[in-house]
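Chains A and B, in that order, give the protein sequences.
Residues in the first sequence are numbered from 1 upward in steps of one, following the numbering used here.
Residues in the second sequence are numbered from 320 upward in steps of one, following the numbering used here.
Any given hint could be a false lead.
Between beta-carbon pairs, the in silico distance windows are [what the hints assert, rightly or not]:
1. A:R142 x B:P615: 39 to 47 Å
2. A:R9 x B:M320: 39 to 47 Å
3. A:M1 x B:I463: 42 to 50 Å
4. B:A557 x A:P17: 30 to 38 Å
5. A:P115 x B:Q627: 23 to 31 Å
Since the hints were made in silico from the structure, they are not lab data.
Built from N, CA and C at the ideal position, the CB exists for glycine as well.
Number of protein chains: 2
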Amino acid sequence: MVALDRFMRGQVDRFEPEIREMAAYCLDTTGKRLRPTLVFVSGWQGDGVVSDDLVRAAGVVEMVHLATLVHDDIMDRADLRRNRRTASREFGPDAAVLLGDALFSQALHIAALFPTPEVCRLVAESTRRVCSGEIMQTLRRRDINISLAEYRRMIDLKTAELFRVSCFLGARLSGHAADFAAAADRFGHHLGIAYQIYDDLVDFVGEEKHIGKTLGTDLATGKLTLPLMLLLERVPAAERAGIITALRGGQPMPLAASQQRMKDLGIAQEVVRAIDDELAAATGALAPHRALAPVPLMLQLGEMLRGQVAALQTAAATA
Amino acid sequence: MVALDRFMRGQVDRFEPEIREMAAYCLDTTGKRLRPTLVFVSGWQGDGVVSDDLVRAAGVVEMVHLATLVHDDIMDRADLRRNRRTASREFGPDAAVLLGDALFSQALHIAALFPTPEVCRLVAESTRRVCSGEIMQTLRRRDINISLAEYRRMIDLKTAELFRVSCFLGARLSGHAADFAAAADRFGHHLGIAYQIYDDLVDFVGEEKHIGKTLGTDLATGKLTLPLMLLLERVPAAERAGIITALRGGQPMPLAASQQRMKDLGIAQEVVRAIDDELAAATGALAPHRALAPVPLMLQLGEMLRGQVAALQTAAATA
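Take the sequences, apply the hints, and build the full model.
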């Protein structure tokens with residue numbers, strides 16, 4: 001991660017002088033760096049062994065991710081992310097659109113610095129898929145007819161896609177056999193789905209000071225995620241109609257009220273079961289490769305997410 | 320161009336089914352296709368000889384350009400482009416942000432299909448530079464302290480960059496020697512500057528029905544371009560102060576009034592001189608390569624722009 005820090009700081013100078021400060025603002029985050037972690041862990045070759053290729057690939061996926069966040073925060077009219085003003089708030093939405101574009105371009109430029117075009121090909125395609133997922137989500141705001149399959153397709157594209165490619169690149173660039181790279185790919189896919197469902201749950205039952213971003217954003221922007229979909233499914237018909245009318249009118253029920261109803265109906269537990277299923281599929285994909293160096297660390301990542309989910313569940317139950 | 324049409328139509332299917340219709344809307348334009356023309360002309364190898372590489376490169380630069388238009392029209396709040404609703408107007412600005420991203424990504428994905436990563440490297444870097452130019456322009460709206468050097472830097476980045484890379488790729492991918500590719504690069508740069516100054520002039524003195532886009536957009540959005548910069552320089556101090564106050568307050572002088580004043584002060588003639596200088600530099604770059612097949616066609620492109628400028632000047636003088 002130290003090498004990645006150095007790499008990301010070095011990238012700032014690659015932007016035109018006129019936008020360097022803005023690029024630095026976006027790149028210098030205290031973000032969780034999940035995608036770089038996936039690259040490093042899936043390409044693990046032992047303590048202290050960090051190839052330049054992995055650092056570069058980690059930089060690419062993180063920069064693509066940061067670019068999508070810059071654009072996401074425009075859609076969501078979000079002011080705060082990780083306890084800091086969003087780029088959209090800091091520089092205005094117009095500049096933020098273009099700044100996100102510049103970050104995308106630079107990410108793909110770095111991807112094209114590999115000797116073969118494979119990395120760039122994969123990352124560009126992934127980026128397109130991420131955007132497609134975001135478009136679907138944007139167009140279907142306040143649409144209460146979204147099916148569970150459509151929800152899964154959206155989070156597959158918008159989140160699991162980049163998780164998947166991060167794991168694949170890690171495995172691939174560290175010289176592992178094709179079958180492990182394919183297994184890492186599947187692991188990343190399921191972990192990504194699990195993570196997004198967890199993130200959607202956080203938006204309802206997390207604690208703002210802990211998470212560092214505004215809670216209830218999904219509810220406020222009419223994004224139908226698993227917790228809300230299940231809530232709509234479980235409440236009595238009259239209450240359901242009320243929630244739908246409010247959502248459609250852009251006046252969702254207050255966060256506290258939805259939290260209380262979710263608690264009454266045990267929604268969190270059901271969401272957690274969905275997360276557990278994905279985590280099981282993720283770790284299952286690695287079963288034939290237990291002897292490989294990256295696998296114990298990859299399994300540990302799954303455990304960490306499981307731990308976070310459990311902590312969230314406990315907090316929600318005692319709130 | 321028939322091959323390019325086929326290529327662009329084929330690209331629609333590469334987008335996720337959920338956004339295919341929107342991608343098709345953006346790709347199916349009656350645009351001028353200047354950048355593909357530059358690729359084909361700079362890589363000219365004789366009648367009927369069109370390599371797949373050139374078609375693909377033409378598709379890449381056009382798709383990058385279309386993506387920037389989608390995002391530009393969001394900034395400009397433009398409703399109309401080439402007699403059709405902009406994507407921002409058709410699908411909403413939020414979806415248009417993401418749709419532009421998907422077009423960028425797909426363009427870079429195609430660029431990465433070349434056997435070496437060089438094309439992707441060049442195009443990704445160019446795209447970043449185009450965005451930087453756009454950011455500068457966006458941040459400096461209504462800023463009347465822009466110097467001529469800064470104006471040139473902005474149009475170099477936002478327009479000349481992609482012209483330059485189109486010419487370079489055309490020359491390079493058709494197997495010409497490095498010195499011709501470098502000359503084509505310089506030609507593209509100066510042609511791009513000339514074209515953007517022409518385009519900025521059109522916004523003041525063109526005819527809406529002829530151009531197919533809303534005129535006076537630069538004035539309305541407070542974009543300081545060469546015609547307006549010269550107008551501010553030439554008018555008496557009191558009038559200047561009035562224009563500046565109006566511009567800063569977001570209430571620019573009416574288009575008709577600015578047109579009249581430009582006519583009084585001979586601004587168009589001065590702008591045309593700047594265009595001519597660039598066109599001379601463009602054709603000058605090709606002088607050592609007159610014997611090569613692409614050069615006569617490239618010179619012809621310069622002549623065509625010169626003709627358009629002359630026609631605009633005549634129309635403005637008789638209006």
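Now the hints, each set against the structure:
| no. | hint | verdict |
| --- | --- | --- |
| 1 | A:R142 x B:P615: 39 to 47 Å | 58 Å, violated |
| 2 | A:R9 x B:M320: 39 to 47 Å | 45 Å, holds |
| 3 | A:M1 x B:I463: 42 to 50 Å | 46 Å, holds |
| 4 | B:A557 x A:P17: 30 to 38 Å | 37 Å, holds |
| 5 | A:P115 x B:Q627: 23 to 31 Å | 44 Å, violated |
Violated hints, listed in ascending order, are 1, 5; each of the other numbered hints is respected by the structure.
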